[in-house]
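Peer 1: Letter by letter, the chains look like this.
Number of protein chains: 2
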Amino acid sequence: MNVTIINIGDELLIGQVVNTNASTMSRLLTAAGMDVCKTLVVGDVYKDIWVAVDEALRDSDAVLVTGGLGPTKDDITKKLLCEYFDSELVENQMALDNVRRIFESRGYELTPVNRAQALVPKCCEVLNNDLGTAPCMWFQSKLEVRSRKSETVPQFRPPTSNLQPVLVSLPGVPFEMEWLMRNRVIPKLQETFKTDIIITKNILTQGIGESFLSDLIEPWELSLPENIKLAYLPVAGLTKLRLTAHLPKDFPLSTFHFPLEGLYDLAGQYIVGEDCETLDELVHKTLTERGLTLATAESCTGGNIARLLTAQAGASAYFKGGIIAYSNEVKESALGVKHSTLEAHGAVSEETVREMVEGVRQRMGTDLAIATTGIAGPDGGTPEKPVGTVWIAVADATHTEAKLLQFGANRRQQNIDRSTNQAYAMLMRLVVK
Amino acid sequence: MNVTIINIGDELLIGQVVNTNASTMSRLLTAAGMDVCKTLVVGDVYKDIWVAVDEALRDSDAVLVTGGLGPTKDDITKKLLCEYFDSELVENQMALDNVRRIFESRGYELTPVNRAQALVPKCCEVLNNDLGTAPCMWFQSKLEVRSRKSETVPQFRPPTSNLQPVLVSLPGVPFEMEWLMRNRVIPKLQETFKTDIIITKNILTQGIGESFLSDLIEPWELSLPENIKLAYLPVAGLTKLRLTAHLPKDFPLSTFHFPLEGLYDLAGQYIVGEDCETLDELVHKTLTERGLTLATAESCTGGNIARLLTAQAGASAYFKGGIIAYSNEVKESALGVKHSTLEAHGAVSEETVREMVEGVRQRMGTDLAIATTGIAGPDGGTPEKPVGTVWIAVADATHTEAKLLQFGANRRQQNIDRSTNQAYAMLMRLVVK
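Chains A and B, in that order, are what the protein sequence lines are. The working numbering puts the first residue of the first sequence at 52, with every later residue one more than the last. The working numbering puts the first residue of the second sequence at 52, with every later residue one more than the last.
Next up, chain A with everything else stripped away, as it sits in the complex:
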């Protein structure tokens, strides 16, 4: 079934807020076997919302709308939908009970403005919003014409069901929206429409560019069955491969597997891991599972390696600490890099990065360590060590691996992001070897 998402809000159109609602909704719908065909953002403008809703209902099985349900003047969605569906606002008992319950639990009086939140178009079904006062509204459209039926204007993919399209209006508050999607909207959509099963799998590759990888694995890609699609998602020195399989509703899932043997035969040396979105997630998962501890010594990455790991809940189980050794004095005092090493080879050198990684591992008493030192740019390059020159090292109790990378004169942030991913990939290869 085809779903269109419409997120309403001026704050999205001026770029003040990143539209995480669209990605959360898309992720949940995809996992439930529905096809999100397009997502649209429009402002708090009556005409634009009307047109967006009207067009989406013509080429979708379901249209999910967020935003514009608050009690203030710029929230116009409910009034608009009432007019669009040619209905009238009536007080809904369940919605009123819900608003009253929430106000009582917060110790507030129910004002007339808030009581008005229980007014909904008579033609809709209210899905109870346990976490907030704005009602979630389910409309079965009376729309008979399911496409523009134009000979000249091309059309989006048509709806896949013969049912009349559904429109659901949800609040834009992210945690209310997500709770409603999981507990009310998706179950009811699944019940109403018959949906495919969708399974996705990520494979993280590193050390090969997207186009080289594409050439390398072409024979395998061409051998994939019709119902499995492959996408390349390059990001900061990695290429993530994403496989998506569409299976019929009654497919016996235990018998399904992605045909990965051919991929491993051709490109196994570049595969760092599966089933994670990012390398920091893979490191987090692997070290947690294996009970290995980690310390970091970062120069050019400036704390980025540590902060991506510590952004994940539970990182304290394996991450003990890090030194951001930006100046040479700190490399000496906090990591024990020898003054003579820095004098003879410079801060960006194999000798220095090895002393950094071994120093931090020893001082923090961890199983593993990572170190980086390089020239992130845009300044600080020399003919021998141009911007983008980075040394990375990883170590365990018995091995230290160091690697020189030349990223070219890229953007500073790109050099930092690539160094970070290189370091994670080297660590994974050390751990999994």
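None of these hints come from the bench; they were simulated from the model. Hints are supplied without guarantee of correctness; some may be wrong.
If chains are identical, the list can't say which one is meant, so a pair holds when it fits in one copy or spans any two.
[As the list claims (entries may be wrong)] Derived pair list, reagent style DSSO-like, types lysine-lysine, alpha-carbon separation capped at 30 Å:
| no. | residue 1 | residue 2 |
| --- | --- | --- |
| 1 | 436 | 389 |
| 2 | 291 | 98 |
| 3 | 389 | 300 |
| 4 | 484 | 252 |
| 5 | 98 | 130 |
| 6 | 336 | 454 |
| 7 | 130 | 454 |
| 8 | 130 | 291 |
Got chain A; can you put chain B on it based on the hints?
Peer 2: Relative to chain A, chain B alone:
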């Protein structure tokens, strides 16, 4: 002028990637005085992209498209635009030189697949992409019909210019897209559509909520002239005020200034700085200008304070280093926090944060230091110290300031971001006092 943004990519529609491109583009376009009327995401599906482009060109002055320009099979934008504009693919010399330059700088051979990136529709103008191999393409549409001219189907807001609409195709890689927007696309749109002069000014406030600030400065806001608009942009514990002035193309700029006196009279105590987008940028600028050095000791922020500063070119002028003291052992060994302090008061306490900030300042020999320790969540809270409890300290040679913050049980990343901004604001107040 009306702009529509179309972001192409299956990864966006399955919710694997959050669509930050839309918000970055919206922010840059809004700051340049253009109205983003809608943004649309479609998948790597020929028909859907075609319809999205076709419809957008009918009701926009400019349509900006990202994605689908890579060298792999699922990248179909270029071929589609070539057919849409009834053109043919030809090798563009500037694009080829650019691809060659980038491959040479990375030490790679130019393969046929990569050379194909220099193929562009004959009818477009190439805007050079200094940071990547995918070309940015500017199309002046031949479209005569500027709206659907339908009596029955309602329409979005119409274009505001009489010029033929423009379509620009950009790569979806965020840093390439952003560089192209700033350096190529927006200047050319301004030149083509002869837009107003737009001047913006940011004022960063901290320590007061948006609605309280709004009440406080209302008299000043009401006194602003018609051509100056005020927006409130709350982000992670800050409220950024953005003033936007629209001036006619020939306005003598040297005579213009924003009327800020009234704002400082009413809310001066909450203003941390001007003319920066973020507090890390303000800290970077201020410490660089004043020649003051900084060290950090981070527990709950996990390196985030350091990495935002070191992401900025030239940070080594003032940032000497940091300790990410995630475990108690590292707090003792690397920062000199006393074992007895941790025993008596715990890691999340005023006593500990003071020893952390003074320890790191002394050990790294800097003018200033920042320290954080807290419970980012979602686990680790106790009745006395619930999730969201954070101690932050800043120090110079003579003063140490410590502050307890209670963010409530928010999301982990939100607690990290708020702690980071609080730390920067406290540092700015210490430096500027």
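Peer 1: Please sort residue 336 with residue 454 into within, between, both or neither, judging by C-alpha distance up to 30 Å.
Peer 2: This pair counts as within: shortest intra-copy Cα distance 24 Å, inter-copy 34 Å.
Peer 1: Checking an output row: residue 98 and residue 130, CA cutoff 30 Å. Within, between, both or neither?
Peer 2: within (12 Å within a copy, 34 Å between copies)
Peer 1: State whether the alpha carbon distance between residue 130 and residue 454 is at most 30 Å within one copy, between copies, both, or neither.
Peer 2: neither (58 Å within a copy, 40 Å between copies)
Peer 1: With 30 Å as the alpha-carbon cut-off, assign the pair residue 291 and residue 98 to within, between, both or neither.
Peer 2: between (40 Å within a copy, 26 Å between copies)
Peer 1: With 30 Å as the alpha-carbon cut-off, assign the pair residue 484 and residue 252 to within, between, both or neither.
Peer 2: Within one copy, since 23 Å is at most 30 Å while 54 Å is not.
Peer 1: Is the C-alpha distance from residue 436 to residue 389 at most 30 Å within one copy, between copies, in both cases, or in neither?
Peer 2: within (21 Å within a copy, 42 Å between copies)
Peer 1: Can you give me the call for residue 389 and residue 300, within, between, both or neither, at a CA distance of at most 30 Å?
Peer 2: neither (64 Å within a copy, 60 Å between copies)
Peer 1: For residue 130 and residue 291, with the copy left unspecified, which applies at a CA distance of at most 30 Å: within, between, both, or neither?
Peer 2: between (43 Å within a copy, 24 Å between copies)
Hint compliance for this structure: hints 3, 7 are not met, and every other hint is.
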